[in-house]
Amino acid sequence: MVNPEIYEPNRETAWCPGCGDIPLRQCLAEVLAELELKPSQVTMFTGIGQAAKMPHYIKVNGFNGLHGRALPPAIGMRLANPEMKVIVESGDGDTYAEGGNHILHNIRRNPDIAHFVHNNQIYGLTKGQASPTSEETLTTSTQPNGITQRPFNPVKFAIAMGATFVARSFVGKKEHLKAMMKAAINHKGYALIDILQPCVSFNKINTYQWYMKRVYELGDDYNSTDYHDAIKKADEWGDNIPIGIIYKAEGVPIFRDRHPQIGDRVLVKEKKHPREFQALIDELK
Amino acid sequence: MDFNLVIAGEAGQGLNTLNFVLSKILFKSGFHIYSTKNYESRVRGGHNFMKIRFGDEKITAPKDEQDILLALNKASIEIHQDYVKDDGIMIYNGESYEGELREKNQDKEIFSLEAALIAQDIGNGRVANTVFVGVLLKLLGMNLKIAEEVLDEYFRRAEDIKQMNIDALHKGYEKAEVAKRRFEMPEVTPRDNQILINGNQAIGMGAAVAGVQFYSAYPMTPATGVMNYLAKRQNDLGIVVEQAEDEIAAIMMALGGSYSGIRSMTGSSGGGFALMTEAVSFAGIAELPIVIVDVQRPGPATGLPTRTEQADLLFTINAGHGDFPKMVIAVKDAEDAFYQTFRAVNLAEKYQIPVILLSDQFLADAEVNVDAFDLEELENYNGFISDKEAKNITDYRRYAFSDDGVSPMAYPGQLEDDIVLIDSDEHDEHGHIIEDAETRVKMVDKRFDKIDKLIMEDLEEPEYVGPENIDYLLIGWGSTYGPLQEARELLEQDGHDVGLLTFSDVWPLPIEELEDKIDGPTSIIVENNGTAQFSRLISAETGIMINHELVKYNGRPFTAHEIYEAIQEEVID
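Keeping their order, the protein sequence lines are chains A and B. Last residue of the first sequence: 285 (this note's numbering), numbering continuous. Last residue of the second sequence: 573 (this note's numbering), numbering continuous.
Just chain B, with the same shape it has in the complex (with noise of 0.2 Å):
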């Protein structure tokens, strides 16, 4: 089983909240849940919307249709009526609702409720909201104990508030009473061991365990979730979130913070990230470790700026000027994105190069439940010399040759009687700046040589989910990992042999994988975005021409239906 439920309304009228509380309820009941947000670049007004789905299975994408729509406002109603299913309820905000909507959902129920008046009677108009949480889980068959805890929790720093947030859950499960429609819902036990999270706190949190002590960017939607978590916490941490005043200096303060030894990290969207793209650059050539996180939004330019998109791809895979070796990882789901961030942050200390990792607003924002991470398997990588190491160190050399191109790093400071210098010049073993052409070819090789040992050493093929022996192979990468995980399903429910392929480290590219599984099956590649950017780097990096590009444009993030029937009509059929 599984339901989908969506509220709507304007910006400004407490929708985040209301996600949240009803997201917190659900998932602390037990359910498998699975939010995604629609806003608009603008502080209030416009037209807002989130989908929370949940059930008593995993879930991993949002679907279109819907068996409740909460509507705070009427346009709501004429933007989401369609997609309400015709046994579904639309709870509206207002006292009567005639006419031409009225004619056209004439067999939805349509729960109609002054929440507003409720809210002002109990004492403060702001709990509105609260009075349809109440409805909600009326019709839902479910009770208020839950549903109290998370409130009591929310608003604990507030007791008059919370009373009331408590009258008006109460308030509205009573008026629910007379609507006709119900729901049942199956059976689920709270599951201990889970956690809520979205993809932006899964990349703060991987950051925070991997030790980073140092995060600085420019906020940008929709990257400055992962700031704001840290900064959140930077108190308890003991760590430094510090806002920069453009992502140039942003990421310089972090590469500042590296040399000095502390792990760094910065993020951006698509346009702060262009404006990181010389330090980039120097990263590689100073074999600074970094973390840079690109949480993608739709292009060119600023283009729309609440939206996602996977289009940063090729751009990330060759920013910065001038051959160097960086690594890019696109995370998957909001899981990956916490083992990944952790990942990242050892393999650019390892390899001391420029990690970037791809997130996007559908994955930053889509608040799931995932097994509470382990903790306990989780080593640090420490890719600095030793404190013992250091002090018998006269002629430090910060670029040192060796067979695998990674020089011993110091932190100035940890030699006593020795300095460390880094250049974005090339230079020599000690940092100097040279012109001369034998140094210049073995420094370029030396920084190259790292990538080869992480490609033996460390790079992750995909991961391959469905049988051997498959007619139909997707192909994916980064965050349309859940989508397409349920789409396979479907496809596998009409009988289809369908394998998936998903990517997280896309450059350097594994290919041993791909290529394992690319002959037979017929290929079709989904990406978020309007060229196929990761097909053509396929395509350029093995030769390999994928069959069927499917791809999505408009901002908003695949479905897994939609994926399903595109692979019926276009590929199948």
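Here chain A stands alone, though its shape is the one from the complex (with noise of 0.2 Å):
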């Protein structure tokens, strides 16, 4: 059994007294060291943000990277090593504002990545504007006359998309979100967590309390590979918000089967010598 200590967990760091990352955070230390990963064997890429900051208060391989571009990068270590596992962090407005682009096409691709989104509803570190996925209702400083925005759906989108992993988890809601984030590592394929995570600081309507009363554990009669379900369930929101795995499909090929070229070999423990390449120039004479 790995000690989950090994990850520093209890790193200092710059988030707010009280936020939902560092709750976010134990989980996560605690669910590696329960898969027997050592931080080597594990690497985390992310964009801009507090949940960006996460390779640095988590002792993993870490890739900081650019606002909205954790996906890329990721999909570029998949490629080079598929022995490694791959974990992309990011916020609501790192991956649904800046990187909706990268999320839209990492579905299709479908990658071997576990993607979990600190969903707070709210930009904190740049103190609190709207996100792709705040209530209508709330008003903000940038925002004074409330959003002009409808809230984006990240569950019903990556259902939509043909994700073959969606899920909803809460920090409140600590061996949930445990047993989430072991399924989604678990996966074969891209696992998308939509992770509510309440900002204490700029976020005053989607606080602990507001979700503690409305999130619901989906029970062991729902089916989560039925897609109209999931699309159903994915649009329940409001009094009663389910967390649990929505969608799940098994057996679709991942990135790396589309590339039979590479199949299982570990690109970047190969190097091949210049003079291996005669063919090359031959086929041009």
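Treat the hints as calculated values from the structure; they're not laboratory data. One or more hints might be untrue.
[Claimed, not checked] Think about it this way: if two alpha-carbon atoms lie no more than 25 Å apart in a straight line, the pair counts; the simulated DSS-like pairs of lysine-lysine are:
hint, chain 1, residue 1, chain 2, residue 2
1, B, 162, A, 285
2, B, 391, A, 269
3, B, 138, B, 108
4, B, 388, A, 85
5, A, 156, A, 213
[Said to hold, decoys possible] Just so you have them, the derived chain A footprint on chain B, three or more residues with Cβ under 8 Å:
hint, segment
6, 210 to 220
7, 248 to 260
Just so it is clear, the structure is predicted and the values come from calculations on it, not from any experiment. Where is the CB? At the ideal position from N, CA and C, for every residue including glycine.
Both chains are given apart, each in its own frame, so use the hints to dock them into the complex.
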């Protein structure tokens, strides 16, 4: 059994006291430990934002890149190294606004990536503007007349796009969140978890209490493989918010499967000498 | 001797295949060859043409004057007739050719042939262009042996189509018996150790030979050829070419590959490169090796999609926000493109920096014969720590301070008991975010120390051609190299003492050779852009003012004669 402490989940952070990122980090450390992974066997890709600072606060290989761009470099690694566990962590702005194009196309690619979106329905790091998932009733410093767009429904979007694993969880339900993370990491394909995570500083609507009153766990009687049921579930929001694996499809080819020329080869361990390429020259003679 | 052949018609008329087959026949026969493409941004229609210049001596540039025009439609005659020499031949795809056009071209022979009807008789209208190949070979006094070999190879997967093409070849050859004019070609013998290659292929090949295992890009003319080259061979090479959702994803994917320890590359043209610039800056601070090729086309914005220009120079040199080191290499010709791409991949890894390769449409599509690249001489630089070293590391610092700014680079998974952390924010030696002033300064200095090392160890001075004592110094960079070489020779034939200095490494700017040559002669810079960007770069970096600036920005490449004539008129007279 790996001790969660090797992930150093108690490092000092720049997160606010009470931030939903803190329990989320603890859950992640416990999950990685329970999966018997060492820090060197896991790589985390992030964009920009409070959630994206995670690789600084948990000891795994980390690529803290550009805003909205956490998914594309993870694809690069998926090709280079099939053995690495790849996790993408990002916020709702990072994923659904700046990174909108990438999530769309990575669902199409179905890479073997677990994607944890810290969804606090607000832009925290820039001090309180609307995010794509903000409630329409919210007013902010930059949206004093209210939000001009309807909220984005990431769960419904991902299911409709054909994502092979779509879940929702809540940082206030730690055991649930851990179970979802484990299932996502073990899923062969692209696994999205939209994680409800209060921003205690700027989002005065979607608080711990607000979520606690509303979220309910999907029971054993829910069939997560039925697309139409999943779409209906994805539309539930308001007084009752379902959490759990909302949709799951097995056996869909993953990104690497579509590149038979590399198969399971670990490209990073291969080094070729220039002389091995003579055929490229002969072909143009 | 050199000979210029132009084939012209609409997009969709098979000009590309015709150009390929003809060029290959001439190349395999032993001619030196230089073919260029002129095409419009459309799928069908419009006016496209390809110039094939060939001869018994090395050719480095296109030429306007034509010996033979093969016009696949009437518009092609109208557009190109003035460039056909008086003793030239115009081959026309049509029944009759009367009136004004005939009046205008009295001295030229017009050889009209209904190739489409001949092709239909053979059984497939699409072999009409091969009828013209037969015609041309007859006019050039060549036999059909090599042509048959080329067609055999080209159509090896379609036996029936192959036979129809060979029939068409013979038919054209017979029909051309009646043509009144013939050309005498010099004796040439096939040279086994040569290849026929264009600039995009050379970059793709240079990348593959350098061990690039991942190329991600979004298609954009004229850079797509690099992607096509690698994509077509990815199964054989065991590499991956991914068409990204946009240029931002393309470079970020490549950076992910690079971080993971594989050599990765991306490419686009100016507009696509513009989208990548945030990531170029990121590669700078994260110290991730990356090679980005910008196959330039005229801007601004979408400009002229299928034409040529060298106007991204100052943009690429300044690409990315903030201060960080990068290198920019402008490739000169197909041969240089191959070796420089190989070098760029190695330098990116050696210095853990972004390296930008500047090519352009002219070079991308120009097909030339070059000596087969010598792979024996090439060695890959390994910028990663060894697995043996990796075993003992327990406190890995991705950004460790060092004398030359280069930190030990490991990839994730290589360190059994440690991790590799990279960051786009300013960071400490471990890669963790910092905000303190002292570390910030040390990190900026560390990154620029690498450039000092690069300048000392790897920066290449421009190539100089010409006598020691000169009256005129021509200066160019990148793809104007070929036309400038020929222009220099033409000036020399007139009795002028002329030298040519051509830059490949443009950033950092090597200045020793320039400072050595600039005093004394009249200096003339020749650039395929509107504002003489390289001249501005030279004056900004060195204070040197170039005497004459010769620029061209109509989307077309320089020919040697136009440089030669412009210098005679504007400088010498």
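* Violations among the numbered hints -> none
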